[in-house]
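Given two chains presented individually in distinct reference frames, assemble the corresponding complex, making use of the accompanying hints.
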Amino acid sequence: MKKKFKDLLHHKYRSRTISFALIIGAYVIIEILMHSIRLSRLFTGMLVPCCCYIILALSLNLVVGFSGELSLGHAGFMAIGAFTAIIVSGLSTKMIPDTTIRLVLSILSGSVLSGIMGLLISVPVLKLSGDYLAIVTLAFGQIIKSLITNIYLGFDSDGIQFSFVTNELNLEQGKMLLSGPMGATDTAKISNFSSGILLIVLTLYIIYSLIDSKYGRAIMAARDDRIAAESIGINILRSKTLAFVVSAILAGAAGALYALNYSTLQPAKFDFNTSILALVYVVFGGLGNINGTILATTVLYILPELLRSLQDYRMLIYAIVLIIVMQLGSSVRLKRYIEQIKNRFTKKGVTQ
Amino acid sequence: MTFLTYLISGLALGSVYAIIALGYTMVYGIAKMLNFAHGDIIMAGGYAAFYAYTRFGLPAGISILLSILTCTVLGVIIERLAYKPLRQASSLSVLITAIGVSYFLQNSAQLLFGSDTKIFPSILTEGSLRFFDGKLIVSYLTLITILTCIVIMIGLTLFINKTKIGKAMRACAEDKEAAQLMGINIDTTISITFAIGSGLAAIAAILLCSTYPSLSPSLGSMPGIKAFTAAVFGGIGSIPGALLGGILLGIIENLTKAYISTQLSDAIVFAVLIIVLLIKPTGLLGKKENVKV
Numbered sequence: 001m002k003k004k005f006k007d008l009l010h011h012k013y014r015s016r017t018i019s020f021a022l023i024i025g026a027y028v029i030i031e032i033l034m035h036s037i038r039l040s041r042l043f044t045g046m047l048v049p050c051c052c053y054i055i056l057a058l059s060l061n062l063v064v065g066f067s068g069e070l071s072l073g074h075a076g077f078m079a080i081g082a083f084t085a086i087i088v089s090g091l092s093t094k095m096i097p098d099t100t101i102r103l104v105l106s107i108l109s110g111s112v113l114s115g116i117m118g119l120l121i122s123v124p125v126l127k128l129s130g131d132y133l134a135i136v137t138l139a140f141g142q143i144i145k146s147l148i149t150n151i152y153l154g155f156d157s158d159g160i161q162f163s164f165v166t167n168e169l170n171l172e173q174g175k176m177l178l179s180g181p182m183g184a185t186d187t188a189k190i191s192n193f194s195s196g197i198l199l200i201v202l203t204l205y206i207i208y209s210l211i212d213s214k215y216g217r218a219i220m221a222a223r224d225d226r227i228a229a230e231s232i233g234i235n236i237l238r239s240k241t242l243a244f245v246v247s248a249i250l251a252g253a254a255g256a257l258y259a260l261n262y263s264t265l266q267p268a269k270f271d272f273n274t275s276i277l278a279l280v281y282v283v284f285g286g287l288g289n290i291n292g293t294i295l296a297t298t299v300l301y302i303l304p305e306l307l308r309s310l311q312d313y314r315m316l317i318y319a320i321v322l323i324i325v326m327q328l329g330s331s332v333r334l335k336r337y338i339e340q341i342k343n344r345f346t347k348k349g350v351t352q
Numbered sequence: 001m002t003f004l005t006y007l008i009s010g011l012a013l014g015s016v017y018a019i020i021a022l023g024y025t026m027v028y029g030i031a032k033m034l035n036f037a038h039g040d041i042i043m044a045g046g047y048a049a050f051y052a053y054t055r056f057g058l059p060a061g062i063s064i065l066l067s068i069l070t071c072t073v074l075g076v077i078i079e080r081l082a083y084k085p086l087r088q089a090s091s092l093s094v095l096i097t098a099i100g101v102s103y104f105l106q107n108s109a110q111l112l113f114g115s116d117t118k119i120f121p122s123i124l125t126e127g128s129l130r131f132f133d134g135k136l137i138v139s140y141l142t143l144i145t146i147l148t149c150i151v152i153m154i155g156l157t158l159f160i161n162k163t164k165i166g167k168a169m170r171a172c173a174e175d176k177e178a179a180q181l182m183g184i185n186i187d188t189t190i191s192i193t194f195a196i197g198s199g200l201a202a203i204a205a206i207l208l209c210s211t212y213p214s215l216s217p218s219l220g221s222m223p224g225i226k227a228f229t230a231a232v233f234g235g236i237g238s239i240p241g242a243l244l245g246g247i248l249l250g251i252i253e254n255l256t257k258a259y260i261s262t263q264l265s266d267a268i269v270f271a272v273l274i275i276v277l278l279i280k281p282t283g284l285l286g287k288k289e290n291v292k293v
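Going down the list, the sequences are from chains H and W.
Using our numbering, you'd call the opening residue of the first sequence number 1 and step up by one each time.
Using our numbering, you'd call the opening residue of the second sequence number 1 and step up by one each time.
Everything labelled a hint here was simulated from the structure, so no lab data went into it.
Nothing here was measured: the structure is a model prediction, and the numbers come from that model.
No residue lacks a Cβ here, since even glycine has one placed at the ideal position from N, Cα and C.
Since no wrong hints were added, every one of them can be taken at face value.
Per the computed footprint, the stretches of chain H lying under chain W, defined by three or more beta-carbons under 8 Å from a beta-carbon of chain W, are:
no., region
1, 119–128
2, 135–146
3, 269–279
4, 306–317
5, 324–334
For reference, chain W alone in the conformation it holds in the complex (with noise of 0.2 Å):
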């Protein structure tokens, strides 16, 4: 039973880094840029719903809201700022940016908020479930979050194939010259790309500070490191990779947290991306690409 709780567990945790995931994929798919402020745009989001909720009082739906209103418009103002200029640069510049732009978030939240760590409120619900006679406690929190997974990734899966915004997006992934010849408006789909991923990020922080109510500048840096993982993990690029990389980091981590060792859990889950890219070198579900001379 208590395998099952840790499972239940791993498989909460690993919903947050798929959600966070999918942002890292979506945006390497179409832009094909490594985008390490990700992680620094959930930090964004923690701090939004908790101003809006404590400071303002505002009702937990709207706080919510809140957040992902922000994170989605501080996604895409960085991307115009910072990267729609080196649209044409080596990725290497555009990696460098990025980590600009990460430092520039961590230490603009250290001056607007302090540096001090913040108790995250119970924003979503409190108590739980209990199954056979108590030996088994799921809280509702855990619930929320794995349902949340779930309807992003219906959501997202029907987004991207079923509308006009979803098909130009494939097509950018796809070929980016081939899709503006087709009338396609690359920056417009840019954007919108960083606004979902953006938008994601702040449901992630949101279920993460739930789950672990410290709020602090460097949040989340070390859940994107994690999820960017995932994203490698499941095949850089693919929407379903992201879910199943995020799902199987999640639960390999609390697995070994609970049977192996706390202090050798990230050692562990590092090692298992790198045997899982030696025996398929594009991830679990990624697309091999043939170089033509």
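For reference, chain H alone in the conformation it holds in the complex (with noise of 0.2 Å):
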């Protein structure tokens, strides 16, 4: 038991130990917090869109940071992920009464849709390289907000009607449960705290795993060079596309998750700057830093809300920390200047 202790401890796993107990401990305090104490509606409002932000960059960390290739659409998988979660959630509210269950059931259908998309999608998009790969992802993220935002969906008695592009749906005292750029009108609310804490559990078991086995190291190494893991015998497509899809199943989870949590849900919410948010968060936390993505996405979700009292400034500063921290992570002074102070502490650690 003590060797096991301490096995958590080592630097290989270190990362995989405080990443649980962050969020363990995070759900143990907020819990109890909800219970002593009442929390503002502002407050416990944001837990669930948080849980769901930090899954989203989770995963797009993994596209970003353990695969190296930039996506400008992740947004795209949310929606699908999304969308897909409140029509299955919909069709089956009299089927399924039971709440977990039919958020258990929405969350993978949704993830396994997006995840289906993902492998469609990353078929042209591993062809390509570089910034011309990022466009092509933004190009999907917009069609896919496209598509969504003409689909009608409802269903009635006779059962399902969907139409494309004009809405020529007549329900007899049925449902609309898609209405185009409306999107969902009426979704019953069945997302709470402990299922998200739940789901980033999972996503982080899922992506310790994956970069822990013999196709996260392939993944890695594709990204550090690309010419030389070929010659190792690395299946650089392979690799890549088994992060894309990994990436693209977690994010359409976290686009179930957020929708169950709102009884309305535009698609439009889905558009270029939620899939900016997501990549700011990433860059925020280090790239391949699932700690820090952790701790960038609530950070950075909080924040905004935080300066809710500067009402119209808010976004602003919001900018400016933006500008402000990137000019100091690649200040080059800063970094000789911390280089510096992390030497005197090794330097005494050895002289000791």
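Structure below.
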């Protein structure tokens, strides 16, 4: 038992231990606070979306950080997961009265469909490289959003009705699930904070298992040096596809969880800005840094809300923070300074 | 005849995209960065012209010049303050900074000018030409847009190929370090590139706002993304590519809106982009660079 505990702090597993401790610790503290003092609705309302963005950022980090390809369309996968979940949950309301099972089923179907789309999209996307790859993911994100904006889907006693571009549905006492640009208008809110935390834990487990496996090492090798990796027999395309599809699955799950937390949701929510937002979280947290991503997402998600009292100035401050952090992060002088401090500490450690 | 009408208005829209795309492509070619704040420079140009013309009552020509000047200065300031310290940084840091600048410009505009949509005055011309007994109507604005694009293209090509600064720009695009060794001041060259790109954005802003006369802080984002797509479409870094990409994109967009579906036009435009990139992975006129071990 003692040895096992020591293993958890071994440098190989340290990041993993910290991640799980961070998430579970945050969960326990927030749950205790929720039951002891009344937290404001503003705060509790932010919990599930924050979980969703953490999952989205983690999934994007798999592509941008570990696989080294820039994706500007991850909101598209989130949208697929979201609206699949809304449809599945809406259709199965009568069949499955239990909300937990319905939530699991919805998230599962959302992520599976998103994964399938990810696989289909990865074929053309991964043929390209660099900025061209990024622009094609942007294009796919826009296409997905635009297609969902044109879907009209509802059901009544006769079954499911579907139309594209124009609303030709005539439902008799039925229910509209998707109404074009209006999106979903009457979804049962079945997501909760616990399910969000559980999904983050699952996401972390999947990502850590992947990057620690031989497939994960192949993904990182392909990122670090494509030609060297190829020459030792790594299938670059397969590695990158794997990272892309797993990422799409996780982003779909994040979208599903997100959608079932709101009674109304418009497809326009998943536009280019959402993709960019996730990218900002990833870059702030550090490429390939899982704990950094979790922290950066939490801080950057809460920051605009904390600045709410400043009203109009909050997004301006957010923009300035973005610019300044990027400047500091790549400032040569600052790096040298940090290096000096580090050296001082390590030298002391050696002499003592 | 209706087809011709759509084609001509598509050509005009494409000309605007091409002018914006030039800004993207020049900055990409020389600074190797995706300047996502370029779309918001367009917005700044729109507001500058609007305030000069309606609030201060300046003549149209001076308003336009003032708008170009504002954008040029803004572009250079942004480059100096935000992008220059990041020359050695990773391209992702630069990208995020550009996004930060974009948010900054949009929110500043919202604070300064309010978030309501303003009606842009017809600053250029009104009226139109009639051909074939009035079957084909082409507004002067459309003609001016297309002509402006042609003039800019010719001027820019001459500038890049014939002047000393243009040569310096080409050298920087080719190899920055070698250019520096040849005595080219890289910082100045990059600043000039930003100045030209931003000045062009102001011209695009006036043409765009005259065609679709509504002005809001988020005015630049969609044309920005479209023009960026156009630049990639034609091969990013290539000036003729930006022209070709912009015009094709404008025509495709207008024809899909007319004959297929207005709601699906964005999806179709982006689908065409994907198909083109699959057939020619570096865009229509892009150069392929081989990676050497």
